[in-house]
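Chemist: With these hints in hand, go ahead and build the complete structure from the sequences.
These are the residues of each chain, in order.
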Amino acid sequence: MTKFLAVIKREYVQRVRSRMFIIATILGPAIVIAFTVVPAYVASFRAGGPTRIAVVDESGKLYQRFRDSLLSSALTDDERRRDSATLPSQVNANQEDRIKMAGRFGNPGFTVSRVDRVGKSLVDIKRDLNEQVRRGEIDIYVVIPENIMETGAAELYGRNTGDIFTRDAIENRLTRAIRDQRLADQNVPQQVMDHLSRRVNLKTTRVSNIGEEEDSGSGFYVVFAFGLIIYVTTLLYGQMVLGAVVEEKETRIAELLFSSMRSFPLMLGKLIGVSLVALTQLAIWAVAFVAVSLFGIGFLASQGANITLPHIPAMMFVYLGLYFVLGYFIYATMYALVGSVVSTVQEGGQLSLPIALLLVTSFCLTFPIARSPNSSMAFWASMFPFFAPITMLARILTETPPFWQILLSLAIGFATVVGLIWIAARIYRVGMLMTGKRATIPEVWRWIRQA
Amino acid sequence: MEHSHPTLILNNVTKRFGDLTAVEDLSLEVRPGRVFGLIGPNGAGKTTTIRMIVNIAAPDSGRIELFGTPLSMNVQDRIGYLPEERGLYRKMRVGEQLRFFAALKGLSWDDSNRRIGQWLGHLGLANTETRRVKDLSKGMQQKIQFIIALIHDPDLVILDEPFSGLDPVNVQLMKETILEEKAKGKTIILSTHQMEIAEKLCDDVCMLNRARKVLDGRLREIRRSFARNAVALQFEGGDGVLQDTNLVANVNQNGDDTEVLLAAGANPQLLLRRIVDSGAVVHKFQLVEPSLHDIFIDKVRENA
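Heads up: the protein sequence lines correspond to chains A and B, in order.
Read in order, the letters of the first sequence are residues 1 to 451 in our numbering.
Read in order, the letters of the second sequence are residues 1 to 304 in our numbering.
It is worth saying that the hints were derived from the structure and are not from the lab.
Since the model is a prediction, treat every value here as computed from it, not as a measurement.
Any given hint could be a false lead.
[Unchecked claim] Subject to a maximum C-alpha distance of 27 Å in a straight line, what follows is the list of computed DSS-like cross-link-like pairs (lysine-lysine):
hint	chain 1	residue 1	chain 2	residue 2
1	B	Lys200	B	Lys138
2	B	Lys138	B	Lys175
3	B	Lys91	B	Lys138
4	A	Lys61	A	Lys3
5	B	Lys138	B	Lys182
6	B	Lys91	A	Lys9
7	A	Lys126	A	Lys61
8	B	Lys134	A	Lys3
9	B	Lys134	B	Lys91
10	A	Lys9	B	Lys134
11	B	Lys91	A	Lys3
12	B	Lys175	B	Lys200
Modeler: Below, the structure written as structure tokens:
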């Protein structure tokens with residue numbers, strides 16, 4: 001037992017104290033921000049000024065509606081109408097804030113000008129406009145034909161027709177303008193129009209064994225976020241486990257270790273040592289994240305923003321914790337297994353690709369499982385130890401399965417972890433004696449039996 | 001000591017790796033308080049034998065008995081081991097590293113701290129405790145590994161090629177340390193392909209060649225039984241004497257030395273008298289005991 005603890009202590013202390021750990025702990029969140037916020041921010045750039053649109057309105061009655069529609073905020077008119085028309089007045093302040101906020105970010109950025117015919121033919125006008133586009137005076141012009149109310153077809157000309165966002169926006173706004181015009185032509189009053197356009201607000205309630213619970217459908221996002229955390233954690237620390245297992249082989253220390261202790265507690269000790277490192281780092285990040293988001297929420301709340309956190313029952317946290325530990329260990333052990341077969345970290349990198357594949361597969365499985373959480377496919381997927389951490393959670397969050405199934409999947413999972421460590425330990429011990437070349441699968445199989 | 005129970009017994013031990021037989025039908029006994037030399041060329045099976053003794057590899061057949069009990073993990077703490085493949089945690093500090101390995105051998109914190117200080121001082125490494133291993137010279141690293149093998153005061157010390165890569169000063173220091181350990185009553189197994197070193201340190205030897213034992217026993221007796229009436233000579237003049245086939249079986253010019261193997265029935269005194277009588281000036285006349293190397297070559301030829 002003291003030997004086992006000595007191994008854990010060495011792995012933990014050496015790693016946590018290393019410069020790499022400190023740098024990674026500080027830089028980790030910075031990198032995450034760099035990879036999520038920066039691309040989103042860059043993508044939201046609008047290079048240059050607003051898109052300049054000229055409109056040739058042959059129908060003579062759509063320009064005004066089309067222009068209003070284009071210049072309105074990013075929220076679709078549907079939503080805006082619903083908000084302003086139907087919500088009780090006491091929350092209106094909030095909603096207006098939201099619209100303003102959204103408008104600031106999603107401002108479509110159009111300037112719209114009307115092209116007068118003044119006796120010229122359409123061909124002449126188009127020639128003029130083409131020239132203006134070429135000279136860069138306008139970006140786009142739209143020709144609304146006289147019979148658009150019947151045909152529902154219009155034309156867009158521009159230099160950059162690859163800008164699908166602008167194209168979509170114009171199509172949507174024009175459709176909206178025409179629909180309203182058609183209704184107006186039928187003498188439908190504005191009030192009725194608004195009423196007709198109201199969106200349905202679907203309130204979701206989950207019927208569970210306990211009774212009815214309100215559920216905003218956030219469960220699925222929790223699974224997704226959770227799966228992502230397992231995925232990232234595994235990729236980050238799996239490599240560390242791999243490195244820890246290969247280290248003694250590369251440095252030839254293994255021989256001394258194996259002459260002092262059994263390989264199973266050695267392997268387990270290394271795994272736990274590295275896991276504690278992972279836990280330390282995650283805890284630092286979690287505390288930082290909670291602190292920042294509490295501050296952020298407090299700030300937004302003081303600004304009058306309406307923030308709703310996903311509602312997660314307490315038992316859920318227990319399951320999240322259990323399946324996180326299971327998921328982490330299942331995959332970390334796989335990396336340990338790879339580490340025990342190969343003789344250098346580089347080799348291990350190639351061989352560990354299938355591990356990531358298993359993770360991605362269990363991710364993909366959550367979609368069919370979320371649709372039918374009690375199907376036999378969902379059952380088997382959540383019993384299969386390599387999928388269970390994510391798929392069983394998906395089931396619990398969508399339609400909680402009987403308790404015995406949860407217990408069974410946990411039991412299978414943790415038994416698999418122990419089994420894998422046992423196998424890895426044997427391969428490690430025997431493989432250490434054969435150096436120089438990578439083991440073939442039959443060889444590895446023989447090692448497992450003979451060790 | 002002569003009649004006490006052997007520290008280690010190997011009984012018909014065989015180990016194969018696939019088609020390769022690393023150790024074949026090996027039997028030997030290591031007696032307590034003695035230096036036992038496991039000698040032979042590279043690839044003879046020395047390291048595999050040692051790995052079976054330290055319980056890293058299991059024999060395919062045969063029996064190993066250590067301290068009077070069948071081999072098990074429980075007796076591992078009584079063994080100190082310096083593997084041939086040297087390795088240390090490069091980024092760890094010397095003191096931490098020694099404490100870690102001491103803990104793996106079941107040594108308490110206080111004991112290991114005390115002994116680490118003693119050992120580092122003894123081997124001239126006193127100021128290295130807080131230095132990282134990668135910043136030390138190779139010789140220093142090897143001495144650290146030597147300390148790892150000895151820090152828990154083991155009853156059996158197994159040293160696999162302990163002198164390879166060391167400079168003469170450190171070789172001398174290691175030799176002295178090994179003899180000190182022997183004086184404390186420890187049993188030492190020394191594996192080496194350098195026969196000159198084995199000759200100077202070992203009480204008993206076991207020679208391996210191509211997985212098999214070719215010879216074992218007390219070094220002194222082995223040498224006696226292989227005595228071949230050989231003489232090393234340095235002299236001027238008197239050339240005709242060595243041509244007498246009644247007196248001389250074989251002549252080997254070896255630099256300034258002339259090595260002479262006497263014919264059966266001839267004795268060294270007679271040779272010396274004949275040379276002096278011939279008027280030659282004798283600078284050196286020495287009876288030569290056969291070296292382990294010669295004995296080994298002889299035995300290998302004999303078995304081939």
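Chemist: Could you run down the list of hints and mark each one as holding or not?
Modeler: Structure-based check of all given hints:
no.: 1; hint: B:Lys200 <-> B:Lys138; in the structure: holds (25 Å)
no.: 2; hint: B:Lys138 <-> B:Lys175; in the structure: holds (18 Å)
no.: 3; hint: B:Lys91 <-> B:Lys138; in the structure: holds (15 Å)
no.: 4; hint: A:Lys61 <-> A:Lys3; in the structure: violated (87 Å)
no.: 5; hint: B:Lys138 <-> B:Lys182; in the structure: holds (26 Å)
no.: 6; hint: B:Lys91 <-> A:Lys9; in the structure: holds (15 Å)
no.: 7; hint: A:Lys126 <-> A:Lys61; in the structure: holds (20 Å)
no.: 8; hint: B:Lys134 <-> A:Lys3; in the structure: holds (25 Å)
no.: 9; hint: B:Lys134 <-> B:Lys91; in the structure: holds (6 Å)
no.: 10; hint: A:Lys9 <-> B:Lys134; in the structure: holds (21 Å)
no.: 11; hint: B:Lys91 <-> A:Lys3; in the structure: holds (21 Å)
no.: 12; hint: B:Lys175 <-> B:Lys200; in the structure: holds (9 Å)
Hint violations for this structure: number 4 only, all remaining hints satisfied.
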